[in-house]
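Model the full structure from these sequences, guided by the hints.
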Amino acid sequence: MATSGPTSAGPATGSAVVLPFTGLDRPADVTVPAGSEAVFVTDGGNNRVVKMAANATTQSVPPFAGLNNPIGVAANGDDLFVTDANNARVLWSHAPRTTPTAPWQSSSPTEWVGPFTGLNSPKGVYLVMGSVYYVVDSGNNRVMMWREGLNAPQVLAFSGLSNPDSVAVDDFSNVYVSDTGNNRVVVLKGDGTQSVLAFTGLSSPQGVAVLSGDVYVVDGGNNRVVKLKTDRATKATTQSILPISGLKNPRGLALDGQGDLYVVDSGNNRVLKLDKAFAGQ
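Read left to right, the sequence shown gives residues 341 to 621 (this note's numbering).
Worth flagging that the hints you see were computed from the coordinates, not collected in a lab. A hint or two may mislead.
Think about it this way: if two alpha-carbon atoms lie no more than 27 Å apart in a straight line, the pair counts; the simulated DSS-like pairs of lysine-lysine are [as the list claims (entries may be wrong)]: (1) 529 with 567; (2) 567 with 588; (3) 588 with 529.
Label-pair restraints from in silico Cβ distances [unchecked claim]: (4) 598 with 541: 25 to 31 Å; (5) 491 with 393: 33 to 39 Å; (6) 541 with 393: 18 to 24 Å; (7) 540 with 375: 31 to 37 Å; (8) 534 with 393: 37 to 43 Å; (9) 533 with 502: 17 to 23 Å.
Positions of the beta carbon are idealized from the N, C-alpha and C atoms, including for glycine.
What follows is the structure, encoded as structure tokens:
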């Protein structure tokens with residue numbers, strides 16, 4: 341059993357445990373940066389991001405200013421990227437050792453606004469290798485990508501999205517999106533082709549994550565987390581429900597480097613952790 345990350349608190353919910361965050365109000369998303377065992381959560385009702393360090397039992401609040409309904413969060417060490425939904429922007433709160441460059445625009449000594457313009461209720465955000473950024477522009481039914489060297493973001497070639505929520509990218513640069521309004525998860529492959537994953541029975545899918553070819557999604561309308569496992573030899577898929585009970589309006593989802601899974605149980609104002617032994621890694 342893995343023992344990394346914050347100290348658990350509260351009763352088990354199925355095979356998951358409750359992390360010791362306090363005072364959360366409608367939390368939305370969660371991330372665990374690579375090489376770090378800290379957990380970051382967007383606390384939407386309190387307009388803040390909350391951090392729980394490794395082996396900690398108390399939380400801290402990174403210094404964002406002016407957030408209004410933060411939703412998506414991604415991290416590179418202590419550099420945080422947040423979709424500030426009601427302000428229609430993406431913010432970068434950077435550690436002292438880093439200095440963002442144009443086209444990021446400074447709004448404070450430690451906070452920069454990203455080059456994503458025309459956003460309408462941005463939600464999910466995903467970071468690849470510290471230099472490629474993906475943002476779900478939910479109100480415009482699109483996904484945007486920006487990387488170092490681009491003057492402006494690109495709109496990815498998804499089609500038919502309806503109120504998309506979350507985005508994840510695998511090791512082969514395939515981009516996965518929870519297409520909430522269409523009750524499906526879609527993938528845009530590196531060759532530009534789009535396909536629908538073989539999930540069944542989804543209702544208002546939210547957070548999505550991928551690891552070793554397996555895809556996890558928060559099935560929000562059914563208050564569960566579902567895994568789609570792909571056999572590497574035959575490519576056959578198998579759907580299963582993870583052993584987490586008592587969920588109410590779950591939203592965000594993340595996997596850490598060890599394969600442990602984190603779920604934002606928004607309706608219960610808490611964050612759950614499921615050990616990799618139960619997540620199937």
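Structure-based check of all given hints:
{"no.": "1", "hint": "529 with 567", "verdict": "20 Å, holds"}
{"no.": "2", "hint": "567 with 588", "verdict": "18 Å, holds"}
{"no.": "3", "hint": "588 with 529", "verdict": "32 Å, violated"}
{"no.": "4", "hint": "598 with 541: 25 to 31 Å", "verdict": "29 Å, holds"}
{"no.": "5", "hint": "491 with 393: 33 to 39 Å", "verdict": "37 Å, holds"}
{"no.": "6", "hint": "541 with 393: 18 to 24 Å", "verdict": "38 Å, violated"}
{"no.": "7", "hint": "540 with 375: 31 to 37 Å", "verdict": "36 Å, holds"}
{"no.": "8", "hint": "534 with 393: 37 to 43 Å", "verdict": "39 Å, holds"}
{"no.": "9", "hint": "533 with 502: 17 to 23 Å", "verdict": "20 Å, holds"}
Hint check: violations occur at hints 3, 6; the rest are consistent with the structure.
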